[in-house]
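> These are the residues of each chain, in order.
There are 4 protein chains.
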Amino acid sequence: MSTLKVSIIGASGYSGGELLRILLQHPQVHVHQVTSNRYAGLSVTQAHPNLRSITSLKFTKIEHLESCDFLFTSLPNGESMHQMSAWMQLAEKIIDLGADFRLNSQELWEKWYGTKHSAPHNMAQFTYGVPELFREQIQKSQYVSGPGCEAIVSILSLFPFVKQAIIQKDQIIIDAKMGSSQAGNRPSPASHHPERAGVTRSYKPTGHRHTAEIEQALGSFCPGTRVDVSATAIEMVRGILVTIHTSLENPIEDREIWNALRKEYSQEPFIRIVKEKRGLYRFPEPKILQGTNHCEIGFEKDGRNDRLVIIGAIDNLVKGTAGNATQCMNLMCGFPETQGLEFPGLHPV
Amino acid sequence: MSTLKVSIIGASGYSGGELLRILLQHPQVHVHQVTSNRYAGLSVTQAHPNLRSITSLKFTKIEHLESCDFLFTSLPNGESMHQMSAWMQLAEKIIDLGADFRLNSQELWEKWYGTKHSAPHNMAQFTYGVPELFREQIQKSQYVSGPGCEAIVSILSLFPFVKQAIIQKDQIIIDAKMGSSQAGNRPSPASHHPERAGVTRSYKPTGHRHTAEIEQALGSFCPGTRVDVSATAIEMVRGILVTIHTSLENPIEDREIWNALRKEYSQEPFIRIVKEKRGLYRFPEPKILQGTNHCEIGFEKDGRNDRLVIIGAIDNLVKGTAGNATQCMNLMCGFPETQGLEFPGLHPV
Amino acid sequence: MSTLKVSIIGASGYSGGELLRILLQHPQVHVHQVTSNRYAGLSVTQAHPNLRSITSLKFTKIEHLESCDFLFTSLPNGESMHQMSAWMQLAEKIIDLGADFRLNSQELWEKWYGTKHSAPHNMAQFTYGVPELFREQIQKSQYVSGPGCEAIVSILSLFPFVKQAIIQKDQIIIDAKMGSSQAGNRPSPASHHPERAGVTRSYKPTGHRHTAEIEQALGSFCPGTRVDVSATAIEMVRGILVTIHTSLENPIEDREIWNALRKEYSQEPFIRIVKEKRGLYRFPEPKILQGTNHCEIGFEKDGRNDRLVIIGAIDNLVKGTAGNATQCMNLMCGFPETQGLEFPGLHPV
Amino acid sequence: MSTLKVSIIGASGYSGGELLRILLQHPQVHVHQVTSNRYAGLSVTQAHPNLRSITSLKFTKIEHLESCDFLFTSLPNGESMHQMSAWMQLAEKIIDLGADFRLNSQELWEKWYGTKHSAPHNMAQFTYGVPELFREQIQKSQYVSGPGCEAIVSILSLFPFVKQAIIQKDQIIIDAKMGSSQAGNRPSPASHHPERAGVTRSYKPTGHRHTAEIEQALGSFCPGTRVDVSATAIEMVRGILVTIHTSLENPIEDREIWNALRKEYSQEPFIRIVKEKRGLYRFPEPKILQGTNHCEIGFEKDGRNDRLVIIGAIDNLVKGTAGNATQCMNLMCGFPETQGLEFPGLHPV
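Protein chains in written order, with our numbering: chain F, 1 to 349; chain P, 1 to 349; chain S, 1 to 349; chain H, 1 to 349.
Don't take every hint at face value.
Each pair may be met inside one copy or between any two copies, as identical chains are not told apart.
[Claimed, not checked] Each computed BS3-like pair below joins lysine-lysine, with the alpha-carbon atoms no more than 27 Å apart:
| no. | residue 1 | residue 2 |
| --- | --- | --- |
| 1 | 301 | 111 |
| 2 | 275 | 111 |
| 3 | 275 | 58 |
| 4 | 58 | 5 |
| 5 | 140 | 93 |
| 6 | 277 | 204 |
| 7 | 301 | 116 |
| 8 | 301 | 275 |
| 9 | 277 | 116 |
| 10 | 277 | 111 |
| 11 | 140 | 5 |
| 12 | 93 | 5 |
| 13 | 277 | 58 |
| 14 | 61 | 277 |
The hints are simulated quantities; they were obtained by calculation from the structure and are not laboratory data. Remember, it's a predicted structure, so these values are computed and weren't measured experimentally.
Pulled out of the complex, with its shape left as it was, chain F reads as follows:
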């Protein structure tokens, strides 16, 4: 079993740290370098105390990055585009976890992100990394762009219904409940514990940036798909729940909805359909997904049989970022798709 030489740019952030946690225990990976300008020279455990006694790796400066087999870049939006061409010289395969290469239209990107894109020529080189929708393309790709955490759970929850024209493609409202870790590790007044604890904060009632990539991904199966996203921050560190309000094209039986989901997902290792008649976890629940790469999807039809509520849950740092990226890496490298991603989650927690 050969070993893949992997480096991570921007490894002191939450996504980078989660990737490091997963890759350090991946049987076919050797973590070669992890960069952080803030922490250069220090042990990775300064930023990620959970890795104490697991690794003695230290952060290096980004300018000391050496060539490797596989490179992950985990930087704030708008930063990786400037250097991507140079990094392509250092690594054969790259997954970028930021937003810079998620959209395939420069115009669209600049509209949603409000700045000039400095590397539009690289945009078409990146495959959008949702294995459940684009597995074959990912397997053949050198470059993959990791989706936004809110985007991937919405896309996975909606995909069967949009593709199979079960719901009206222009009546989709995504009400997202978000944990605090998705905003990254920089302190701010908004993240100050006495203010952030216990909030139900409507931080983005309309106009969430992930709208663009959700519409792009679903639109490639059903052109003209429109979604409206409202995001509320709640008391949670890890996790996202999306409650998706949709209108049925035609009245439908629960059984048919189950079939629609099974048709797309019955072989998917990380998708769980959750719709139970009893118990405390009858629908998707991010609480028990912490640390796992699972995406749970459930649904409930209303009594008038004209509306369908679809529910999706993930851990934003795993299936929402680092775990999903590892799954893509496994596909790109011909490794078993679930390798390194077997953690089942905790209960209670």
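Given the structure of chain F, go ahead and fit chains P, S and H onto it with the hints provided.
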């Protein structure tokens, strides 16, 4: 200043306890009796430890209820209807906090609550207790029914927009985020701390019972109003936030929306319009409303100017139940409307 | 009823904001000015969103401070000492909420705070503001220093036992559990929600600064009293619980301990002895004290009858700071001692 | 690699479920049967939703228990003693997770647990399962008793200091901060979310039952060791932090304390000494240990050099119960000691 002799039936529950907290400090009220079969003979502080050193009142059995000026009934749904006629002999004025007299149609009630209504003849005697919509009727009423907590915040948030035909009356989706106290004080597996802590639990994705009273209240101003409610339990003890997704009838400016809200609410003592450009509390936030009778309402239009997200927040036990009932009592008795309800809330908390 | 003209220096912080909340509803107080350099010119509701619709007051710069009847200063440790002499010209009576005038020895202050004290001549002018221990002095004082939040709950919990020589004065270990609001409103990595949420962080295992004022206050009744403080930050915004481990001087009955507490505290409006045989709130609990000025004190003897665990709880921003300062102001001005401090707290919460 | 046939009695509880999670991924274990009278016939995922898509195992009734290689019993205190003799006929090796066989004295057991012990003849057959203290005995044992969660973290934190006579053996105060999962999965008024959320509840100020096993285990190295335990429930689901207040025998340097810890623990795979000069995780922190088998230990000396505060942290369901039991199983079966226990924990979480 004369004193009103008030009793509370079912005072060991959370709503009853909150009412007791408020009434004990109301300058024109004397709390005469509080009943609880479970706690009869014990100090109210056994159930409500916050009232230690505030009162030496004890619970009595319901059969020992004496006549009084004003009676509050705070029992589980389906219980007060059986005895309401008898209680009407004991008190001139009554506010029922349960669901039994919220709807004005027996058929509708039985459809949503799934059991026979035993006192349909009493239904028409009760005014639905939302002061901001029905102030004059409440002032003239002997009997008032307190709205459901999820209902009142939805009604108050939607009222100006439905009444003024700003939004489409049949495209209203209410996504409610709920604290644990709204489910009452009976332990259950669902409320067991290791299971309930940190959840984002889709406990009622469709078919929430409060749908009926929301449609009835708004429908009295705009017949045919339809709402769809999805309720998610989150990590919070007190509080509700509703994120209401609506479709605009016509494109509209923010200024006009402000005007629509001010038109209905500029004189309302407990309504706050919250829509700030900066700061951490730009939209309604239940966290800082704990203990207060305020309802905060905010909104954001989407970029395409065809959707409007309306946001409402309350403390489910105050404006959602006991505080609102006190406000109704003040109206029914000719007291200043805000009396006993001046607590401004805490920050941080 | 004449009205006291009160100003607050440093009113944008958590303690200043809490003081403002209380004073705005105090029937004998008119809040004249509130200063904040950061927020000067802005509405106080920018910093304290709970005060929306309660006040239209704006922050002013400290240099625009005018004369008033009563001045509160609520600044970071080490700041008020530089200007205290000047402020004494502007107001007849002052309560300082910081640490600068808590100790009566310059040497001791400089040892614990690690900097030079610039106004040692003012130290003796300040009375240490614990009404339960020093009521008469406070009534006669022009200048009062508000105790540290951790200090006051420890002092109140220990006072009867130290004064009456029930416990060994040099075997006192205070294990304090602290909420996040006590660290103030400045964001930092330590207060960043994903890091701070759910912690049980030993942030000061030994050497807590409040040691000095606890020993000073108790030492004035029992010279040589020694305490050792360990502080742990837990998931809580408001509140402190101290678990105090002590050694009994002699075996003692519970009844005698009750008597010892009653002897000192039976007339105290804000002290509650909490030691119940049944129920969920058998011992002091900060959760239900949020927003109140109460200090709950309880105890349990071990089976070997040689150790006594004393438990104390407060809201760090009320009895721990702003509420206690209001109580002192009431004493200094001849107002009823409990005025403005009647809020009984919430349950559940 | 042969496979061990393992069954779990009482697998629907939190400890049993955690054991199941670990064993299902243990490469040398086949889980044969899991019993639960309450859930018999149902999928294990009804009780443990995190195991969805991981296993299709069902619960069986305890009377259908078959013979196996290794048996874990995870029942409420006082239940396993009645049937232990019978189970010894079904399995060669047994680990009991309850309290019934933790003490080696019937008299002591009956004193602390308040009931008659029905199988005193079995008591001496069980080795107390702390690998770090009793590794060789465990390796040779057929029967092992898993320690209490609060006991094991206290024992591990104190062991080097007691054994090497660094602290006074009769001046040890353990102040334990506890999560809610340690009380098991039965709902009660005390665990009802609106009551339990956000508490700082002194639920056992003195007389904690684990005192007996702590004194027994440490006393086997240093006779006469006495500990006093106070337990406080805080807002946390998983985790324990112990703050241990001790008196030094003689003044000592930090360096010597480090040496004392290293002497006992330098080869221990699951002990981490945590005492950092900077960063947010300077001392042991249960938050980041969730799901891991690590025990973190730290310390701080006071400025007078006569007191030592020792701090220990674990996940109560892993190193506190199921993980530690797996570690014992590994020792008893000659497997690598860390097998199945490699999960490093999450950050942030």
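> Taking the earlier hints as the rules, which of them does this structure contradict?
The structure conflicts with no hint, since it agrees with every one listed earlier.
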